[in-house]
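Chain B: place on chain A using the hints.
Residue strings, one per chain:
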Amino acid sequence: MKNDEDTVKLAVKEALLGLGERAVLPEYDSALLLSARHKGSEQDGWTEFAENFSAVSGKPMQEVTDLVEFLKEGGFGKGYCDPELKQAVGEVLVEAGLQVSYEFDHQRVDDYVFGITKASGVIAESGTVILNDEDTVDRLAALAPWVHVAVLTDQKKVFANIPQAIENLGGSSNVIWVTGPSKTADIEGILIEGVHGPGVQICLRIGEGK
Amino acid sequence: MSKSVQPIDVFARDLPRETRDAVLSSVMTRVAGRKAKLEEDYGDPDALRRLAGEVKQHTLEHLDEYLEQAEAALLKNGAKVHFASTAEDAREQVLAILNENGSKRVVKSKSMVTEEIHLNDYLEKNGVECVETDLGEFIIQIDEDTPSHIVQPIIHKNRRQVAESFEEHGLGEYNDDPQTITRRARKHLREKYLQSDAGMTGANFVSAESGRLVVVTNEGNARFGMAANGLHIALVGIEKVVPRDKDLGLFLNLLGRSATAQQLTVYTQFIKGPRSAEQPSGPEQMHVIFLDNGRSKVLASKERDILRCIRCGACLNVCPVYRQTSGHGYRAVYGGPVGAVLSPLLAGDDFPKYADLPKASSLCGACNEVCPVNIPIPELLLRLRSRANQEGIKSAGSPPMAPFAKLATSPKLWRTAMTASKAMNHLPITMMPVKPLQAWLKIRTLPKWSGGEFRRWMKERGRN
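Sequence lines, in order, name chains A and B. To convert, note that position 196 of the first sequence is 196 in the numbering used here; the numbers rise steadily by one, no gaps. To convert, note that position 286 of the second sequence is 1286 in the numbering used here; the numbers rise steadily by one, no gaps.
One chain only, chain A, in its complex shape (with noise of 0.2 Å):
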């Protein structure tokens, strides 16, 4: 296959040459990219979450009973459910009658209608959810379901804002911020929930030192 690096490299080389001085990287403080509506330290960080992500369409939750009730009021009978939340969720949800799989099949996505999976945190200034590939069981099992559970259970990954979430990337070959439900506007501006991705987005925290 025909790789075209030095021709390309050579070109933004010359490109360059004729520059004079050239413009410098100017350093500043990240918190000049914080929204004023960031309270930061004034209020706690969930709090904050909870107000933001509810602002997005997105639906914070604290106890598993709330979550029980929201599938069972929508109709959402039959999921899957990360095994490493069995426990904790999972085994709630089917002693109150719903359907749960521990297992992910790729063959019939469209059978879960509700997906449950860890979040690998939150960012309190935008309302975000944060996956990352190692704590997200499945990809798919995070998008294709109609609801779409991210469980927060280490409460240490509240992160106040965008900065912060972006200093905490991490090692993971892919993060994902999801922000909301999926979502267009295409036709004529109209807003519609649940394109591609999950039309419920919820966010339920547990465990300790909640």
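In short, the hints are calculated from the structure, not lab data. Keep in mind it's a predicted model, so treat the numbers as computed, not measured. Ideal Cβ positions, reconstructed from N, Cα and C, are used throughout, including at glycine. Honestly, I wouldn't trust all of these hints.
Chain A stretches covered by chain B per the calculated footprint, using a threshold of three residues with CB under 8 Å from any CB of chain B [said to hold, decoys possible]:
#1 18-27
#2 32-41
#3 185-196
Same frame as chain A, but now just chain B:
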């Protein structure tokens, strides 16, 4: 066509009312939303815009170093890196990667750079199905149309037209409810994802520091394309590199707000390399193709600032010319103010073909004011007008300036003309001595001629 009427004027004149209304109502909503969001969150976003512009300008002026750094980081992360000089080279490289892997079905997320190299047609001709998965781009594809806006590709269509297309292409009976249309697309495209053997994306940014590619979508289509198959190919313009991960925060904060009035786009992916061994879904191979296709020539030019563009579309929304024409009036992949600069430059030797585009602007400066990377678009438009003039490229919309130059360089002639021209106040349009002026005055009125007043005032002032 009169010499004073540009091709874009003709396009705007002939644009169906329905299309103009669709464009206008969408851009007005976007302009208001962007302004409200930025003001709410930052008060005055100017400091941030200027900073982002400086970071990008610095990157461009050190692109040789940053490209090397980005390449090294990506290789270290396990990705394969390629470089393509031209559109043709890029197309061939994409096909070669697909062929090596026996891939025949590609799902593609929205990418202007793949539009630029006309990838879909090429792949189809070579036996590869390439399906657009962004809802707007999917509609463009089934209609065999082209996008008319960087962010909202079907801004020129209304729901009835979309419903008719869906019906025509066997995607259900006529129904113009946007939610029904979206659900039908979800169902149809889900099949395509699950059958696909490769996913293509562009990239919004590439961090030279870590090699992270950032891809943002609201629909989740890029994520699906990178969850349902084992091969990821990213086609990336060389100007997409930024120095550090820290800078991603700066640009992401500006991109979402400027493009769609969101603090962040719904799905923001940071992709370092192929999936980890433990992850059951996602690409085992990641290929990044850095594309030049004229960019290094733009970098060598005095209009290099245009390469700062992060494709938010804010300048299109706010432009009085774009609003009357849609993107199609610009006859090129990139429309609006950014396109009026970029398209003639990227055209290379075909510059004369697009030399009229820099004149498709009233130079009102709104594009510069909203630009998240503070590109001085009006200044660049003027430079390109001047370049066309210097290269002797004639295009409609340039009234002959030689008579004016003669007048303006002879005080005696000027004085006489100023006084004599008062006769114009009494002349009917058809008797105007300058032809282009006749055409111009058919749709406009001139204020009363008062030539010579300023000279008289100066004289009086001298006496006192």
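So, going through the hints one by one against the coordinates:
no. : hint    : result
1   : 18-27   : holds (count 7)
2   : 32-41   : holds (count 5)
3   : 185-196 : holds (count 10)
Of the numbered hints listed earlier, not one is contradicted by the structure.
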